Amino acid sequence: MDTSALEMGADPLHVIVGVGEIACAHEPEVLVTQALGSCIGLTLWDPRLCIGGMAHVMLPASPAGDFTGRRHRFADLAVPELVEEMLRLGAGRHRMIAKIAGGAAMFKGDSGMDTIGKRNATAVIEQLEKCGLTVRAADTGGSHARTIELHMNSGVLLVRSYTFGMREI
Amino acid sequence: MRLDKLTEMQIDALREIGSIGAGHAATALSQLVGHPISIDVPTLEIVGIGDVPELFGGPEVLVAAVHVRLLGDIGGSMLFMAERTSALALVDLMHARAVGSARSYGADEEALLTHVASILMSAYLAAVGRLADVSMLPARPSSALDMAGALMEAVTSAAALHADVALLLRTRFHDADTSVDAYLFFLPDPEALDLLLGRLGVA
Chain A
3 MDTSALEMGA DPLHVIVGVG EIACAHEPEV LVTQALGSCI GLTLWDPRLC
53 IGGMAHVMLP ASPAGDFTGR RHRFADLAVP ELVEEMLRLG AGRHRMIAKI
103 AGGAAMFKGD SGMDTIGKRN ATAVIEQLEK CGLTVRAADT GGSHARTIEL
153 HMNSGVLLVR SYTFGMREI
Chain B
519 MRLDKLTEMQ IDALREIGSI GAGHAATALS QLVGHPISID VPTLEIVGIG
569 DVPELFGGPE VLVAAVHVRL LGDIGGSMLF MAERTSALAL VDLMHARAVG
619 SARSYGADEE ALLTHVASIL MSAYLAAVGR LADVSMLPAR PSSALDMAGA
669 LMEAVTSAAA LHADVALLLR TRFHDADTSV DAYLFFLPDP EALDLLLGRL
719 GVA
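Protein chains in written order, with this note's numbering: chain A, 3 to 171; chain B, 519 to 721.
For reference, chain A alone in the conformation it holds in the complex (with noise of 0.2 Å):
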């Protein structure tokens, strides 16, 4: 596949999500996470306010004491505290809808490598049912990685790879 159609432009409105961030935005912004591995993307929309969330998950939980580096690379951490910020916002809790995406086995072969991605997708699943929502639609396995665009206008989560193109969930 040709490469440049997988290249992003620097469009004002495409607010980027790092490797270990989260981050909230309201229509017209797209809201964006490029190159998901093993890790987990994570929205909330909410459709009467089209506003949104997105988390870039790398670890299920965070380590016992201290710790240095970005804290939203945690599910545990992440997670709870994407939903608190959606809801400051005046998301309505039951109205959000939460999509996944990412959790692949980028390498194949390794048994240490293999389970990471899954390990992810179910800690992300589990914070999400502590704080009362379920996941309404997922893209995740497999062993490619995928770059996510979620757009407040629609709720539509975009997902892109080398391997299947665009998908809309």
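Take every hint as true, because none was put in to throw you off.
Calculated pairs, SDA-like style, for lysine to any residue (alpha carbon to alpha carbon, straight line, at most 20 Å):
1. Lys523/B <-> Gly71/A
2. Lys110/A <-> Ser660/B
3. Lys523/B <-> Ile567/B
Some residues of chain B that are not near chain A, with every Cβ distance over 10 Å (derived):
4. Gly541
5. His553
6. Ala629
7. Ala710
Take a look, some chain A residues computed to stay more than 10 Å from chain B by CB distance:
8. Glu29
9. Leu51
10. Ile53
11. Arg97
12. Thr124
13. Glu131
14. Lys132
15. Cys133
16. Gly134
17. Leu135
18. Asn155
19. Gly157
20. Phe166
21. Met168
Everything labelled a hint here was simulated from the structure, so no lab data went into it. Because the structure is a prediction, the values reported are computed rather than measured. A virtual CB, placed ideally from N, CA and C, is assigned to each residue, including glycine.
Following the hints, complete the assembly by docking chain B onto the known chain A.
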């Protein structure tokens, strides 16, 4: 010990070992393919994990990668990465044919690149192991062709690495006509790095 606290002398020592390893890998590859191939390690740098995708032009750029987990005294990972067109050029270099002959990165190309990367990594580990008197064994290599950001992220999260930096050995393969650049990342566990530097006499 953290990688980003390394002194210039320690970096020089590790780069020197990298050159020795590259020399051995070049000999091995030349034997394998039946014509002379050289490998240089022009620089060794400390890079932030988050900055790695930018080396290739962004997180979504398509790169070929080979990963091995390290077993033995020194735990950690090694990751070989080459931008897709460089990976194809490397395949052509191994076949002693004009760059541009390999057009798609299929199973044969992936197998050859995995073999090349695995020889390079084994030679590096053997050189480090001999000088530092430590055992470092590569586990079975695994490979992928996908977005640079996703591949690096998978390696670091699988190891749940405390470190957010890696040692980068820029690696240049060449014969009389062609030169191809690739990247070799060494991600030792922090406690393993202490042991390694101590044994090298540069702790």
